[in-house]
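Engineer: Each chain is listed here by its residues.
Protein chains: 6
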Amino acid sequence: MKLTEIVHILEEIAPPELADDFDTGRIGLILGLEDEVNRIAVALDANSYVLKKAAEMRADMLITHHTLIFHPVNIISKPLAASLRIALENGISLYSMHTNYDRAEGGINDVLATRLGLKNIRTSEIGRIGEIKPCSSAELAAHVSDCLQTPVMYAGEKDEISKVMVIGGSGFRNEYLEIARENGVDAFISSELKHDILRTHEDLCLIDATHYATENPGMEALCSRLRRLPGIEVEFIDQPSGLLAVNCRLDRNKVALDLNEGKEACKQEEPGKESLEFMLEEQSRNQIRSDYRRSLGNENRRRYLE
Amino acid sequence: MKLTEIVHILEEIAPPELADDFDTGRIGLILGLEDEVNRIAVALDANSYVLKKAAEMRADMLITHHTLIFHPVNIISKPLAASLRIALENGISLYSMHTNYDRAEGGINDVLATRLGLKNIRTSEIGRIGEIKPCSSAELAAHVSDCLQTPVMYAGEKDEISKVMVIGGSGFRNEYLEIARENGVDAFISSELKHDILRTHEDLCLIDATHYATENPGMEALCSRLRRLPGIEVEFIDQPSGLLAVNCRLDRNKVALDLNEGKEACKQEEPGKESLEFMLEEQSRNQIRSDYRRSLGNENRRRYLE
Amino acid sequence: MKLTEIVHILEEIAPPELADDFDTGRIGLILGLEDEVNRIAVALDANSYVLKKAAEMRADMLITHHTLIFHPVNIISKPLAASLRIALENGISLYSMHTNYDRAEGGINDVLATRLGLKNIRTSEIGRIGEIKPCSSAELAAHVSDCLQTPVMYAGEKDEISKVMVIGGSGFRNEYLEIARENGVDAFISSELKHDILRTHEDLCLIDATHYATENPGMEALCSRLRRLPGIEVEFIDQPSGLLAVNCRLDRNKVALDLNEGKEACKQEEPGKESLEFMLEEQSRNQIRSDYRRSLGNENRRRYLE
Amino acid sequence: MKLTEIVHILEEIAPPELADDFDTGRIGLILGLEDEVNRIAVALDANSYVLKKAAEMRADMLITHHTLIFHPVNIISKPLAASLRIALENGISLYSMHTNYDRAEGGINDVLATRLGLKNIRTSEIGRIGEIKPCSSAELAAHVSDCLQTPVMYAGEKDEISKVMVIGGSGFRNEYLEIARENGVDAFISSELKHDILRTHEDLCLIDATHYATENPGMEALCSRLRRLPGIEVEFIDQPSGLLAVNCRLDRNKVALDLNEGKEACKQEEPGKESLEFMLEEQSRNQIRSDYRRSLGNENRRRYLE
Amino acid sequence: MKLTEIVHILEEIAPPELADDFDTGRIGLILGLEDEVNRIAVALDANSYVLKKAAEMRADMLITHHTLIFHPVNIISKPLAASLRIALENGISLYSMHTNYDRAEGGINDVLATRLGLKNIRTSEIGRIGEIKPCSSAELAAHVSDCLQTPVMYAGEKDEISKVMVIGGSGFRNEYLEIARENGVDAFISSELKHDILRTHEDLCLIDATHYATENPGMEALCSRLRRLPGIEVEFIDQPSGLLAVNCRLDRNKVALDLNEGKEACKQEEPGKESLEFMLEEQSRNQIRSDYRRSLGNENRRRYLE
Amino acid sequence: MKLTEIVHILEEIAPPELADDFDTGRIGLILGLEDEVNRIAVALDANSYVLKKAAEMRADMLITHHTLIFHPVNIISKPLAASLRIALENGISLYSMHTNYDRAEGGINDVLATRLGLKNIRTSEIGRIGEIKPCSSAELAAHVSDCLQTPVMYAGEKDEISKVMVIGGSGFRNEYLEIARENGVDAFISSELKHDILRTHEDLCLIDATHYATENPGMEALCSRLRRLPGIEVEFIDQPSGLLAVNCRLDRNKVALDLNEGKEACKQEEPGKESLEFMLEEQSRNQIRSDYRRSLGNENRRRYLE
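Residue numbers (the numbering used here), protein chains in the order written: chain R, 6 to 311; chain X, 6 to 311; chain W, 6 to 311; chain L, 6 to 311; chain F, 6 to 311; chain E, 6 to 311.
So that you can see chain R by itself, here it is in the shape it has in the complex (with noise of 0.2 Å):
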């Protein structure tokens, strides 16, 4: 099939025109060589682990959500070199689909409802908004993490949660969680959880599930999807984010590790507390002689920090 024909497939599953402003240079093809396709890989990155395997399986194209080069450059770092060198010796062209295919009917974020078993979904600004069968924060943490089988961190309990908004990557801005909350929506799925939002809105549960595992079902059902064009063969490639979660001791069990001199070192009360203390004082000390030197005649201050 020509390069040109896919290019034009892709653009009505991912219209251009949806991405944001500031995707402009980052999405469609990226990297064009061969004109004529005959193996497609689709992943979520572009990097030299996924060109790899795309060798492999000698795709001459390779569709990912994240472009080779989110800023522009013209010193090229090694990185960048091992994976375009990949691209370059073995005619991959390189296509790219961000926040269109994230916006797109049967994009990111449609296949992320799905996945989640929303009902009733429909589409709020990027996002999606959906029903699920009421249940508390931590059931809903414990079934996303199932869904979409992926470690999630999540805040803002809830005893009964219906209504759901995803949104796949980095989701959480105030806007969205400000349409969430305008309708109505008691959960909010997304990933890169950062802290001021959390502390901004406390009235919803906030569920990070990780940039990948939100997204990735997304290039998997493109994938899926592509597999219908003739004469092509299509395969995805997976490369999870390795990211694990561990709870702290109380929830955890209290499960024993080989580490015990570190695990002295944080009995809250005794070790640490004393280095620091140690730390401080001698701080102090510094800052007195310091003082002392400065400003001779200051009582107050220079008590102080005795």
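Honestly, I wouldn't trust all of these hints.
[Claimed, not checked] Okay, derived cross-link-like pairs now, DSSO-like style, lysine-lysine, Cα gap no bigger than 30 Å in a straight line:
1. K57/X - K83/W
2. K199/F - K163/E
3. K83/X - K57/W
4. K83/F - K163/E
5. K163/W - K58/L
6. K58/R - K83/E
7. K58/W - K163/L
8. K57/R - K199/X
9. K58/X - K57/W
10. K58/F - K163/E
11. K7/L - K83/F
12. K163/L - K83/W
Quick caveat, the hints were computed from the structure, so don't treat them as lab data.
Using the hints, position chains X, W, L, F and E against chain R.
Structural biologist: Leaving out everything else, chains X, W, L, F and E in the frame of chain R:
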């Protein structure tokens, strides 16, 4: 004690000139009310929860790591109005120390390194590098979780980690990770780990120990330190993040959940897939129709959608 | 009455889309507190004096022409803290209408034109153009001073003025004066007349009737208009500018002042000049010295300074 | 004398490096024509009036405080063409000294302070601070009016003013007023006082003595100073601002004006109000109609407009 | 004829809305003097040479392709003063038509294409594409040189050129060359060919026929056209570029030059090389010394310099 | 030899701190591949032609004056892909030295001055000034053409040129020409001479000797210099510009061309003019029609078009 005297002491603890440029307007005396200060509250954030607690303890000054107004405003939102009202009605001055206290001797990052039991701690840019008794990634993650009493997410399996770099808060930035690498660091502990960082630093063990848990100790330590000031009461206001981690089912020993319908939906092989399939089928049918209208003669493309 | 209802009414009176671009963030609901509004205060400015008066009259909403925070802030200055405290403690919501109300039908400029007794008033950009019974510049200045009860400054002697353009507030801008000229206007009434405008529009009679006196009537009129709202008390808070004009001695009929020493000092011919002479002599002597050092051989220059 | 020699002398009087950054391109030799200079004209502004006078006196150089072209141009407007023509035809070079001469020893602000009879004058940033025999705001305003032979506007009644800060031209800026306050200044004398400055500095006596009257003396003094140059004739071109002040009627002892119709119109209680009322009624009627169309069921709002 | 009438006619010939954005302030009436115009001069540039000629022919208007002031100024340089003086003293209004006249029907590029004898001319963006009788690059270059009476530089040997794109002035820009390529153009004729353009478009024959020679005909044509205006004399002022081409010796049939010493110096093999060698030797010796000081132990590097 | 060692040597030859600010990201190691370098290629440009040659000679490093990617990219164009592929597949690291090497001792401009046989060469900003045996513009142009084996274009006839300034590459900039003038230079030799420069520097002889021919010698010299490095083979890759000059017919002794039809077309007096006339007539007719519709009553204007 005079507010101005306290400000001078705080400027010795966290010299304003140590702050990043972007912190202009975000550190120092954010709101100056009463000249005489008798009770100081210390906390991580300046928000209505913390201010309410500060008012209850009759504090007339609140010192935080994160300022009240991050982006300059000329419209006062509801949450900001709530916080400001408490501060103004109760005469609570606000003082903020951010990246200057991160960098300062005895500041956020020194305290974090000490709390984690690191040895031979030294400063490298904003972070701290130190040594631990050799352990694996899993062990270190558990150790961090224990020491900071926090859930963590981590990636990058390593068998023997002995050198660690720590940065409280959002420290997973390329330039800092580069410094870590140049210093032969095995593991990097910070928070708000993003996907692209994870992908480009797979050679390191990366431990996301949450923004709250990596910075809160530094503010607690500041509190202890200020307690030595004469004639002033100082109290810490803790506002835990409430974050909890959930590992995916394999790791959770198949905990039974009362969310059966949902769970069914996400057994990868069946219903989730089916409904996804359905959605894609539906979408394909729609596309066929629009294709039909748009490009009647285009055989190749129409066939793929059937 | 509901705050939101009042906001809708105010948006009909002064549609936000009429505002200049620079007014973004400076018009509309600046601080929204109580949902139910019973008493409205109207004033020109939002400052602590006005807010104190509003609190005394138990207003729960203050509508002003000038907003509380002009340039966005993240540090709360003392005066801003004072104003905010009164507003927050007394539950006074703040609403601001600026250039949108200048332009609006029945707004600042319509009221100003009417107050000055102009006939056949029509709108031209933000201003209003109308006719008066022919008079000289001095007569018109006195008329304006009477009508607005304000001191004025004016320039541009004309014997017969019959067409006038008015803009409340700081309206002496080249583009508006150009419009005036194109419309055959004889006199332009506004405030905050600057030197370069004065110099480049000497063909027009320019009357500076102060910012306060040209805008306050429009806010009074708004007050009267809102009084017709059912179930709401509305009151105007006047805060005169306190400006007074003094003409130079010739015009003041040699009023005797108890400031004899000072007066002596400024008799143009003698002491002022003398002390000035002295200063310049002194300075010259200093220059000679530095010249001497710097450019010993430069005969010409040194001679001039001797 | 050579033009370049004169330029060097002027650069000693007003060193270019003293100028504000925004004066780049606005100071120094703006137009350099004849190498030999025999007659210099000095004035406040460079415009066609001044240039005509300079040509009449056969000057071959004009030194002004305000430059000919403030904002860079590539289209020559009619007034600029008129000025340029006179300069070019008559071989009049143009030199401009602005904020550098404001700051310079013996410059605009030194001369202004001296002219006002201040004692113990010292420099603070661009302005000058000095002492006067204690007097009230009204007395000081009259004194300033006398000394500078100008109408003034003032605000801020004070009984005993003894410390004064002066800045010629447009000096009412927050940072300068802050400096005044920090120096215990009672009155601030400058020009182009704006409403927001007036409102936020009510603790100070603020005297607006016009741009012209506060800067012209400095240029006259420069003229006297240059007269000492050998073999050069130097003459001052005065272009008064023509500004006149009018106080409101109460202060003017009810001067009878031949503008009866107009006056009637502004008797606050009656006709002006009536026509305003009429206008508002009219407007309300229009609104009712549009309201009717737009929001038929909205009882509350419609009622208010009836 | 009225100046305004002429301006309207010129705006019909070269509609201002056809201009590139960067031409804002560079087209239209740049200097408007006399209302009545009797004699028009037309030229390529507005400079003192052209203005002197225009004054000699008693023109009261000068129409040029390039404006008088390209980058906005607030300082009048000597050359600008010279030009302005002539224009102002002789009452010569200035009007400029630039990229609007390039694009206009019958403008610079239409005239250029016609002058070169192109057939089937059509517009493509700013340029014109047309056909010629097939010829080689050398033949076309000679033809262009003949038609425009100009030296040319060209690159890109082709045997059979039949389709040509032309843009007067500085038209060798990637986007225009891309248009040329998309239209199957063999040769591109414009001026100010830069090295990077030459390197990236080696598949095209590129002919640099000088800025002057490619634009002057369009201004001559404008002149002819304006001659039809009633009651107006119109004259063209030609200011040739004076450019001459010299081919390297091989192409010049070894023309004997009276510059023997110089020539010796550049016989590639000997003296030039020698002196170069000497310079490099000298430099190496210096480097060795500084190397010696800086990196005494660095064997490898020192050796290379010996 | 180690790549890092070579980089250090290159940084001594052309210290990066000598580069213009705009060269950030355009100099230094642009692509670093193999640690060990055995063969270096040197060339003017980094493009696919040069890289192919470098690959053929088995170079593992290419040093050029112009970098591979001038404007930062995140999309890899076809030509860039071609170049990158050769570099990556053949392990050719890229290093670029631009304005730093122009300025460096023994760099582009020193070599150019020496190659032209200048005496008493000294540096002035980026360029070099030197002396030649007095000659005319034509003689100097021929000399330059000989020495650099390049066609040249020149303007500014002078009888006796003895002082010359040279800048390789695109050096005809006002600031450099001003330096030349201040140094009493008679002729300025550089490349890419633009029309506005030509017009404003008619007092100088300006010789455009092409970008290639003025910079290539500097790179050849670098090559010779690097040949002295131990254990490294260094080779120069020449890529001539292919530029040829053609003088207009008068100067070409009426060389007969086989392009008769075309030639006919450009005999100024006849057919070209005629077809131009025709076009203008046609256009006028169209304008009349549109004029007729638009401004029926406008007699004056319609008449001119008839």
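Engineer: All hints are to be evaluated individually against the structure, with a verdict given for each.
Structural biologist: Against the structure, the hints come out as follows:
no.: 1; hint: K57/X - K83/W; result: holds (22 Å)
no.: 2; hint: K199/F - K163/E; result: holds (27 Å)
no.: 3; hint: K83/X - K57/W; result: holds (22 Å)
no.: 4; hint: K83/F - K163/E; result: holds (23 Å)
no.: 5; hint: K163/W - K58/L; result: holds (24 Å)
no.: 6; hint: K58/R - K83/E; result: holds (23 Å)
no.: 7; hint: K58/W - K163/L; result: holds (23 Å)
no.: 8; hint: K57/R - K199/X; result: holds (23 Å)
no.: 9; hint: K58/X - K57/W; result: holds (28 Å)
no.: 10; hint: K58/F - K163/E; result: holds (24 Å)
no.: 11; hint: K7/L - K83/F; result: holds (17 Å)
no.: 12; hint: K163/L - K83/W; result: holds (23 Å)
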